[in-house]
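Each chain, letter by letter, is given below.
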Amino acid sequence: MSVTELRPRTPAETALVSLAEATGSGEDARRAAIEALRREGLPHRRIEAWHYTDLRNLMGRRLGKDQAIEALAAKEAGEAETVLSPLVAGSTVVDLDAPERASAPEGATIVAGDELADWHESPNHLDRPVDTVRLVNAAFGARAATLAVAAKTELAAPIELRSGIGAQSHSAVRVSVGDGSKATFVERVEGGGSPAPSSAVSHLSIGDGAEVLWVIDQTKGEAAAHLGQLNVSVGADATFKLFLLNAGGQLVRQEVHAVTRGEGSEIVMRGVNLLEKDQHVDVTTTLRHTHPNTTATETFRNVLMGGHGVFQGMIKVAREAQKTDAKMACNTLLLSEDGDFSAKPELEIFADDVQCGHGATAGEINQDHLFYLMSRGIPAAQAKALLVKAFVDEMVEELEIDEALGEALTAKIDAWLEKSH
Amino acid sequence: MLEIKNLHARVADEGTEILKGVDLTVKDGEVAAIMGPNGSGKSTLSYILAGRDDYEVTEGDILYNGESILEMDPAERAASGVFLAFQYPLEIPGVATMTFLKTAMNAQRKARGEAELMTPEFMRRVKASAAELKIDAEMLKRPLNVGFSGGEKKRAEILQMALLEPKLCVMDETDSGLDIDALKIVADGVNALRGPERSFLVITHYQRLLDYIVPDTVHVLYKGRIIKSGDKDLALQLENEGYGQIIGEAA
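Line order of the protein sequences matches chains A and B. Per full-length UniProt numbering, residue 1 is the first one in the first sequence, and the count goes up by one each step. Per full-length UniProt numbering, residue 1 is the first one in the second sequence, and the count goes up by one each step.
Just so you know, these hints were derived from the structure itself, not from any lab. These numbers were taken from a predicted model, which means no experiment stands behind them. Glycine residues also receive a C-beta, built at the ideal position from the N, C-alpha and C atoms. Be careful, since some hints might not be right.
EDC-like, lysine to aspartate or glutamate: derived pairs with alpha carbons at most 16 Å apart [to be verified]:
| no. | chain 1 | residue 1 | chain 2 | residue 2 |
| --- | --- | --- | --- | --- |
| 1 | B | Lys141 | A | Glu397 |
| 2 | A | Lys182 | A | Asp237 |
| 3 | A | Lys384 | B | Asp73 |
| 4 | B | Lys141 | A | Glu394 |
| 5 | B | Lys110 | B | Glu76 |
One-sided and incomplete, this derived list gives chain A residues near chain B with beta-carbon spacing under 8 Å [what the hints assert, rightly or not]:
| no. | residue |
| --- | --- |
| 6 | Asp352 |
| 7 | Cys356 |
| 8 | Thr361 |
| 9 | Asp368 |
| 10 | Phe371 |
| 11 | Met374 |
| 12 | Arg376 |
| 13 | Ile378 |
| 14 | Pro379 |
Using the sequences and the accompanying hints, generate a full structural model.
Here it is as structure tokens:
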């Protein structure tokens with residue numbers, strides 16, 4: 001068989017394939033993915049879904065040097081095991097590097113598996129025919145796990161999924177929550193960095209009338225790269241709430257793709273992106289409304305002391321999805337001239353009786369607000385900090401979640417704000 | 001307490017001169033009313049006293065207890081005892097009212113070298129002042145001014161004033177947007193704070209407010225200058241005759 005090389009690989013792509021070959025487990029499962037990665041390479045700015053995150057270029061800066069692989073090998077050997085306490089006390093912790101060791105709470109099961117995400121098609125129609133995040137995930141031999149919560153079960157404590165802990169961590173997890181159940185999942189993405197990215201691909205299926213809160217807590221080290229993707233299908237009259245915190249990492253892409261599977265489903269997505277220095281953080285979401293009477297609100301708030309932020313939000317409303325009510329907003333506070341943010345909200349509507357809206361703002365601290373606080377004796381620096389905190393804390397408040405979890409998230413945000421001011 | 005001397009000020013961005021030589025003295029314990037038609041510079045004067053940097057002082061000075069405050073930022077002025085009750089208090093989503101009150105009180109105490117207020121004492125003071133102003137606890141649980149009615153916002157301003165215990169209170173059209181019942185509550189709140197060591201600069205369009213907050217002196221501001229000063233009868237004269245007569249005399 002002869003393979004036609006369409007273009008020469010960049011050094012970064014070659015390095016990434018070598019790394020994939022050298023790391024990970026499950027040879028057979030990932031062989032095809034490695035070949036696809038070799039063939040397709042990394043997406044670049046002319047691929048619409050990656051326009052603002054030119055992965056070929058950005059990975060090139062990380063992997064362009066010969067010593068990258070050696071550095072990685074050394075790092076892997078020397079890396080101590082990370083000991084983390086759960087975000088919320090009492091959570092069931094599932095280490096996705098060893099899912100077989102986790103003990104499931106009552107009403108739930110956890111099994112290790114080998115089913116990887118299908119990278120042959122992308123949930124984002126603006127992407128290539130292969131899905132980049134899933135492809136990298138599969139090529140690096142993601143550890144697969146399946147979690148199931150039975151019907152009519154209310155989990156007392158969150159299940160904390162540690163999917164991206166450590167320099168070289170790749171996980172593929174399938175979560176199903178039965179009809180009428182209630183559960184909270186916390187995806188911890190932490191740990192140090194390596195030239196190659198860690199990755200986490202999750203599939204979440206929410207049963208009819210169920211309620212799921214999914215938290216992604218991404219606070220990776222400042223040299224780390226991470227590719228994350230959460231795919232959600234929301235049952236009839238079910239509620240999906242998301243909180244996404246990006247407060248770390250050097251190169252991060254987090255995708256969230258949600259689709260309704262029945263009437264009356266509700267999607268509530270809130271997120272906070274905190275950027276500084278030369279970070280590149282990209283949040284890309286697609287919401288597909290395919291049934292009548294579904295609602296979605298999606299708001300991201302971004303604070304930039306530097307770095308490059310990206311938000312791409314797509315809301316698609318199918319012809320039959322009448323009475324869809326969907327709103328999307330992306331608000332950015334630019335606190336430094338060194339930061340920039342690209343926001344691309346999109347609506348694609350085929351039904352004729354819907355309410356959809358989007359808005360994107362970017363600006364500095366509201367001078368009227370600042371003057372008001374200062375006129376009460378609050379010094380400028382303290383007043384600014386109060387306003388920045390208020391701007392992002394609102395995202396946590398709007399979710400109306402359990403107090404302990406809300407406080408834990410606010411504490412994470414505070415820690416960043418204090419460190420970066 | 002306050003001496004404004006030949007104050008000239010313009011909008012920082014565009015350079016339009018708004019105050020064209022204001023001279024005004026307010027003694028300790030005095031309640032001075034500033035009246036004037038729209039566009040005479042009343043609100044500008046209040047913002048400049050509070051230290052808003054949208055305006056630029058080009059000439060003259062503001063002496064507060066004998067010292068110029070022009071180089072002080074709004075927070076420093078507040079800590080030294082200057083308070084501006086806003087015509088349109090701002091809604092600040094995400095900042096809890098109680099957090100704001102405590103932060104402001106303690107920031108001022110810190111600036112003056114006083115110990116921070118402990119929570120029980122803070123709560124006691126807020127409850128006592130809120131009760132007098134008929135502000136219920138639910139209102140205080142909301143973010144600062146968010147969803148407050150016009151009257152609630154004005155009462156919240158007076159609550160802040162009562163808690164911060166300023167020495168010079170500048171009140172910018174505190175009566176605007178108030179019905180008569182709310183006006184009485186606000187005026188009672190202000191009157192309760194009157195004392196020999198606290199002065200007020202009450203800015204208003206209408207004489208009505210001055211029925212409830214009776215001033216010691218009344219000054220007419222027109223085209224950026226004080227064109228006439230008098231006692232409380234001047235306000236009544238304005239109410240009967242309008243500004244035309246006085247403006248005519250000044251010209």
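A quick look at each hint next to the structure:
This hinted pair checks out: Lys141 (chain B) and Glu397 (chain A) have alpha carbons roughly 13 Å apart, not beyond 16 Å. Restraint check for Lys182 (chain A) and Asp237 (chain A): the C-alpha separation of about 13 Å stays at or below 16 Å, so the hint holds. A threshold of 16 Å between alpha carbons decides the hint, and for Lys384 (chain A) with Asp73 (chain B) the separation of about 14 Å falls inside it, so the pair holds. Distance restraint check for Lys141 (chain B) and Glu394 (chain A): the Cα-Cα separation of roughly 15 Å lies within the 16 Å cut-off, and the hinted pair is therefore satisfied.
Proximity of Lys110 (chain B) to Glu76 (chain B) is assessed by CA-CA distance (about 11 Å); at most 16 Å being required, the pair is judged to hold. Among the interface hints, the one on Asp352 (chain A) is violated; its C-beta lies about 34 Å from the nearest C-beta in chain B, farther than the 8 Å criterion. Using the Cβ-Cβ criterion of 8 Å, the hint placing Cys356 (chain A) at the interface with chain B is not satisfied: the shortest such distance is roughly 23 Å. Checking Thr361 (chain A) against chain B by beta carbon gives a least distance of about 14 Å; that is not within 8 Å, so the hint is violated.
The beta carbon of Asp368 (chain A) comes within 6 Å of a beta carbon in chain B, closer than 8 Å, and the hint placing it at the interface holds. At a threshold of 8 Å, the smallest CB-CB gap from Phe371 (chain A) to chain B is about 6 Å, leaving the interface hint in force. Restraint check, Met374 (chain A) versus chain B: the minimum CB separation of about 4 Å is within 8 Å; hint holds. Evaluation of the Arg376 (chain A) hint against chain B yields a held restraint, the C-beta minimum of about 4 Å falling below 8 Å.
Restraint check, Ile378 (chain A) versus chain B: the minimum CB separation of about 5 Å is within 8 Å; hint holds. With 8 Å as the threshold, the beta carbon of Pro379 (chain A) comes within range of chain B, its nearest partner Cβ sitting at about 5 Å, so the hint holds.
The structure shown violates the earlier hints numbered 6, 7, 8.
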